[in-house]
Amino acid sequence: MPEKKDVWQGTLSLMILKTLESMGPLHGYGIARRIEQTSGDLLAVNYGTLYPALVKLESEGVIASEWGVSDNNRKAKFYRLTRAGHKQVARETRSWEETSAILGRFLDAGKAAS
Amino acid sequence: MKPFRVLLWRLRGLFSNGRRRDSQEEIESHLQFHIDDNLRAGMALDEARRQAVLRLGSTQGTVEACRDRNTLPLLENAWQDTRFAIRQFRNNPAFAATAIFVLALGLCGSIAIFAFVDAALLKPLPYRAPSELVSIYESIPTCRECNLSYPDYLDWKRMNVSFSSMAAYAGRLLTLTSGPAAKPVRGARVSPGFFRTLGVAPAIGRDFPDRGDPAAAPPAVLISYRKWMEEFSGSSRALGRAVILGGNSYTLIGVLPPGFRFAPVGAAEYWIPLDYNGSCEKRRGCHNLYAVGRLKPGVSFAAAGANMKRIAAGLEQQFPDSNKGQASQLVPLTETVAGRIKPILIALLSGAALLLLIATVNVASLLMVRSESRLREIAIRSALGAGRTRIASQLATESFLLVAAASLAGLLGAASCIRFLLSLVPADMLAYMPFLEDVGLTSRVLAFAAILSCGAAAVFAVSPALHIGESGGAPGLSESSRGYSGTLWRRIGGRLVVMELTTTVVLLVGAGLLSKSLHKLLNVELNFAPDRIVSLLAVAPGKVYETPEKQVALAKRIVALLSTIPDVQAVGHSSDLPVSTNGDTTWIRIAGRPYNGVHNEVLERQVSPAYFSALSVRLIRGRFFSERDDTSQPKVAIINRAFADHYFRGEDAIGKQIGDPALKPENMHQIVGIVDNLREGPLDQDIRPALYRPFYQLPDVGMGLVVQTTQAESAVLPQVVSALNKIDGRIITLEGASMQSKIGGSSSAYLRRLSASLASAFAGAALLLSAVGLYGVISYSVRQRTREVGVRMALGARKGNVYALVLREAAWLVALGIALGLGASLLATRFLRDLLFGVQFWDPLVLASVALVLAAIALAAAFLPARRAASVNPVNALRAE
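These protein sequence lines are chains A and B, in that order.
If you read the first sequence in this note's numbering, its first letter stands for residue 21, the second for the next number, and so on.
If you read the second sequence in this note's numbering, its first letter stands for residue 985, the second for the next number, and so on.
Hints were generated in silico from the structure; no laboratory data involved.
Because the structure is a prediction, the values reported are computed rather than measured.
One or more of the hints may lead you astray.
[To be verified] No more than 27 Å apart at the CA atoms, straight line, and that leaves these computed lysine-lysine pairs for DSSO-like: (1) B:Lys1540 to A:Lys38; (2) B:Lys1280 to B:Lys1540; (3) A:Lys107 to B:Lys986; (4) A:Lys76 to B:Lys986; (5) A:Lys97 to B:Lys986.
[Stated by the list, open to error] Cβ pair distances, simulated, as ranges: (6) B:Glu1060 to A:Val89: 29 to 37 Å; (7) B:Gly1371 to A:Phe126: 38 to 46 Å; (8) A:Ala84 to B:Asn1076: 42 to 50 Å.
Where a beta carbon is used, it is the ideal one built from N, C-alpha and C, also for glycine.
Isolated chain B, as found in the complex (with noise of 0.2 Å):
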């Protein structure tokens, strides 16, 4: 009960300013009665007075004493602290506003990427016990995450004994048809258990039924709410009502909750059961599944994986013509999910927090030049009683007002940054991280932030404190307090500049290597003509063109339509477009060579004649396909450079015959022509062996269309896409780009930009702050001996060896700067291996130009203070001050 009575007494007078004058007055009526009892007992006033005063002791302290109980003197010295420090900052503007700046800029980049590192990586995903969920995948040598063919997955799930339940899905374009008009969805087929495995219930309806045979049920389909709203406006009614999906008719069953996301199928809307009845789903070795399971209770991840082997292994003994060769891959969802863009993350998180490191400094630094200028108004403040602690509390509110503001600033900075930073994104690629969508200064990234300003507040604190506490006061009264604190800062202040040098180098050293990267990366050899090529994908209603005559009667229409489109000069398809994807794979052995049952794996492309024309492919031996290659002719194939070397090497492969692994007649082609190896993959995979058949003799429904023109790309595509649409309306057209735009624009090459701009904006202001705290540093040190300069001209020294002088300064700073600035790049980029591409992480280029470009704008903040000091006067330089 007490002491609640005394801190409300204590509070009222913090906020009146009475009780002070009280006092006063108390002391003063305590004198006169003590005056007035003397003078009865008989001394002169003068005595009287005296003695009174002498019994009292001193009244101020006698004042203070009562003030310091009649109010919470440490709110109230923090309250004056600040007023003070406010006054003093109105006095210096360009100090704070540079502090806050510089501070707010380092904290507005660690906040903003903490922010998506947050997002990607610490948020748990949003299914029950998330950390329980695994991706199960096939592995084989070329592709080490692969995905499962149905039968596998049907044994994996039955024969498992890790995991509670398995389920498996793969994303599907699926065509819409609403009416007389089709379009494309995006959707993803899975088996029963799919949601149940994830923990994730319909949100409206139920979902698909978990018992009997699925392939029996009727045909069902869940929506997403999103869809749910759009299409039927959140309707109960749409529950039940049909939904036309690829010909197919399927009932709505369910709706899943808002907001549910499963990245590993982007923004899948509609979601169907697996194609029981595709070809397929019933050959074992053929792959189009991915999948997920969730481990048993006590179960640990290293024990489901060795199970899982176990299974593969057995499966390989009794399949060996389909599994020979397949091993198992467990890996946890959370990695599957964002461990695409994990090592930029860290990454740019480290070139973020080194960025801070050197702001840090550079604040720091100066707090220390202008406590320097204080230590008079220090030493006097010491004299008149105040202590050590209160001193230092002065000037650590001084910093915490500098962080509070750096902090706001950076907070709000931070926000603008995560946004702009979100809309780099490209929409395709954001559907498969639905993690970034709400990505923000979440209650954690607060946090972070909250340690970041604490960690910074502390340096400030602790630094001018300790140096003002080496110096100590006496130093600061004297007349000319000049020589010792001068040389002091310059011992502290080199080392600081030498710090923000070393950590610029390793930020300048990552960008450049990155940036290389990139560059190595969109120059990666194509060896097909990119230029002025459009390139479209194009599905028919399979429901309509289901023969092969069809497809192919098709394909020549299309092919004859888009030739007349005026400038236009050549016209291909192929089963995928090129620089897309190192998948569609078929196994193939060699008529005539021993085999040993092991998978041959390969690409396989079903090409139009002018298709390799179309892109400007080289042609190596043989012949492209003709009009003639169909299906009355034998079988042909080509094969490109890569083919040829890894299975034929040092033979001629024109006029083999190749197959299946069974060697099937009626699969076995001759090899026609060798072509160059144009890229089928992403721009960092490895060209593989590839094998073309002719449209004609392999048609298919779907086709990647490439138009060769003379003009721009994006004059003719329009035309393209409605010569489509007039063959046939139900024909559903994607992806159409020019062939540059989508090579730039693809994922690898996006994520790559993207690091390396980054990176080099961080290095960039990194550059600028170390630029500027040398230049600091180099000012500094030359006003401090601007005398010195005045006796040496006066002895004879020309303006050269002045400006040697500074420089020779400066040079060794830099020089330290960069030597130790390289060594720590090396132990540092090493970490980035992962993200480089065709470079090394100690490429000899990015070093030394690294270190010219330093040294050459170090030397340039140099040059600024190196002149004004050689054009000191010497008579003013020696005027006694």
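So that you can see chain A by itself, here it is in the shape it has in the complex (with noise of 0.2 Å):
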């Protein structure tokens, strides 16, 4: 089985709000777990970084939390996304598609040379 890679700090916040966005309101557990199955488990999510994380998304008001009861009925805290922070995940993904659409051409064209 391949390395987990660590999951960078940067690209967490963003990994965090597009999880948020795709599944609606979620835990810190839950969003950690997602985040893990969406990367096909090839990420390894620092539970001790996330919530940090969490909290500075929640400082900026991209997300808001309230506390709630999930599915076996133990209390958690769940996050959800505010209109800031879906203005904010689609101005970001635009962002990073257009870095990776330079990079790629600049790949392509070592590979062709190659």
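Dock chain one against chain two, each of which comes alone in its own frame, and use the hints as you go.
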């Protein structure tokens, strides 16, 4: 099994937001598990840094939290995207896609040349 | 937008406690979810839990990381530190109280003195562009900054190219007549452009007219704002009213702005034009005015000085009789106003700064000793993970709190100090220092206080942190962690005490020199007997007593009536009282000698026959004046010893003829007597040659009365005043006092006494602080060496040896401190030269006494710990801790 790469700090925020966008409100554990799933288990989320990252996002106002009850009746803190959050996701997605497109050209060019 | 939002979030987190609990619960629920998943995957409960915990990492760490994002860690830490520091102070109030008191003492002195420095030297004068204003003096060898004559002033004004405007002024005592009553008021005579030169316009009404011949204008008067409120209740109908000054009627044309002052004329309230018809104003050789000018833009002070020098030289050529030897002297107006007390203020500020230095060093050593006792606590903290910055900031918080409390106390103390010091300045001196009226905690003073506090805080924050940084945390943790830290403190503590002692020596020497100067000044030779003498100035109305005959008759009546007062032994009068001024001079020329036109300036006084005997002045040769020396007799004169020594060395002056520079026959006098050098001028000025002439031959309306009594002066003075009133109610009396208090209260004596007292207060406080500091260091060292002393005693040392051991250590510190201090004071006190009188700045008596006093007190301070060491029980000391 290939080594699980550590999740880079900068992209963790985007992954959290994207997860919330597609999955709707989730608690912290759920977000972490979903990220690992989406990456095809190639990424290992450091749970210790997940929660501070969630606090940061909440302080910036892109997500909001409230206490609720999970499926199996456990008390948990659920996070959801705010309107500002939706806008941020769209913005960052666009920016990443542009970046990887430009990078892709370089890599293709390199491949063609070699 | 985002950073602001984040900040708000963090601020909210600062004040709510719930978030930490939230994080805790959230992490726990996370663990539960993970454990559930693990259980579903088939692990046993133990394994499930273990895996979940491993994967999460440190729970506490995660909660802390969340907390760091949830609040402002900086503020929260600071708040925590503050609460902790306050708790520490409550546990050890003596330490906090001492530190705050000592520091507040140092700050209070510095802030209070700086407030005076600010008011006198830093605050700009209340005129337009005050840096352009210059005092213009005439200058002769015996009087560098001297008054001018009116004709000279006119020529200077006309011929100069450096000043955009120039004006003349003179402070005068005027008689205000309202109805039948006459009272003396302070006023000033000024040229028409005076207020315009200063850039001040009347608040109400108008200024003196600028155009036309000033001598032809109707006499007008401007009054001060305060007088306007007092006499006319602030009514605008006051304008145009007549004010009778000196028997002449003046029309009130304007009121000056509130708070207007011109220091050289003191508390003048009535401002009238120059006396264009005065006999002095008509003569170029009679000097009774001062001048002030405003520099033209772009003209430098030096250029103006050169310009005026040339003009003075030109006048010297043109009018050799009156102007020979007269140069000019320019001084910035700011210096004229505050020049007298500038050296004193600077000296006092230096003294206060030194005291603050001692206080700071004292508190710094207190803090260091305290940080010593906390080494263990700090070692534990750092072992638990506190970073160096965090520990340092906690120590710094303590220092900041101490400094903040001390600054507050210091400011409050300074406010009272300022009021107290201001109350020590007598009212008539205050009139000539109007800038002192609003001395207080201005913004500049507060800024100065803030700078001092920040400096002190920086010193305190750094010193214990350095100390701890040096020794690190490890030694603090061992069981008997004493030896290492003990020596460290002894080294640093000793150095600090030596610094304190050195500074104390400098302060003590300064105070000693100033006190000795005061003593010398007060014991200067008066050459008359000041005890049991009542002195008083009396001025009769000039319009009533116009002729010399009337003036002589009045004087005789006054002397006769005063002599009938019980217990009065003698009555005399002179044109100026003794110990008042070296002014009122004249030029003389001695008949029968070659004359090169140089001005021989001597004091001139007109005295009654009994004057010298009333003052018990010694007659050296010849005779005193008698009742017969009046206008029917040839003119006679008495000279003082200085005159005889200077002009008649080796000859007998008696019988010689002297006169004015032109040797006009009507002004020739024959010298009939030589008296001792009665001190006419202030205590700190030289005795000048003086020429005395009989009042009956040269009478006047004003006289300085001296009344010799057998009773207390305070009992006789009122009787003298009422006697004068009985003779003529219009006679004005001024400055009635006993001669001793007049001398003691003269400004030169007073200012010296004030500086000597303040310097001594600083020195005393410094001595106390140093003694306490030394006591602290020796005490601490004794505590450290208890075991060593125990061993020595067990090995046979006696009490005396132990005393010697401790006192040797103290003596070394004290000797070093005194040696360095004496050296430092030799460097520092040379700046006191301007203030010293009759004392050299290296005066050996003062230096020796300071060394002795400090040594005695310091060794006394070391004695107590020495006694404690000597009474140590060796068994207790040797017992293992």
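Measure nothing beyond the straight line between the CA atoms of lysine 1540 (chain B) and lysine 38 (chain A); if it is 27 Å or shorter, mark the hint as holding.
Measuring from Cα to Cα gives roughly 117 Å; hence the hint is violated.
Does the structure keep lysine 1280 (chain B) and lysine 1540 (chain B) at a Cα separation of 27 Å or less?
Roughly 55 Å separates the two Cα atoms, so the pair is violated.
Hinted pair, alpha-carbon criterion (27 Å max): lysine 107 (chain A), lysine 986 (chain B). Please report holds or violated.
14 Å, holds
Is the straight-line distance between the alpha-carbon of lysine 97 (chain A) and that of lysine 986 (chain B) 27 Å or less?
24 Å, holds
Distance restraint evaluation - glutamate 1060 (chain B), valine 89 (chain A), Cβ atoms, bounds 29 to 37 Å:
32 Å, holds
Agreement of lysine 76 (chain A) and lysine 986 (chain B) with the hint, judged by alpha carbon distance not exceeding 27 Å:
Cα-Cα ~11 Å, so holds.
Satisfaction of the hinted span 42 to 50 Å by the C-beta atoms belonging to alanine 84 (chain A) and asparagine 1076 (chain B):
Because 48 Å falls inside the window, the suggested range holds.
Check the following: the C-beta atoms of glycine 1371 (chain B) and phenylalanine 126 (chain A) are separated by a distance inside 38 to 46 Å.
Between glycine 1371 (chain B) and phenylalanine 126 (chain A), where Cβ atoms are some 43 Å apart, the hint holds.
Going through the hint list in order, the structure does not satisfy hints 1 and 2.
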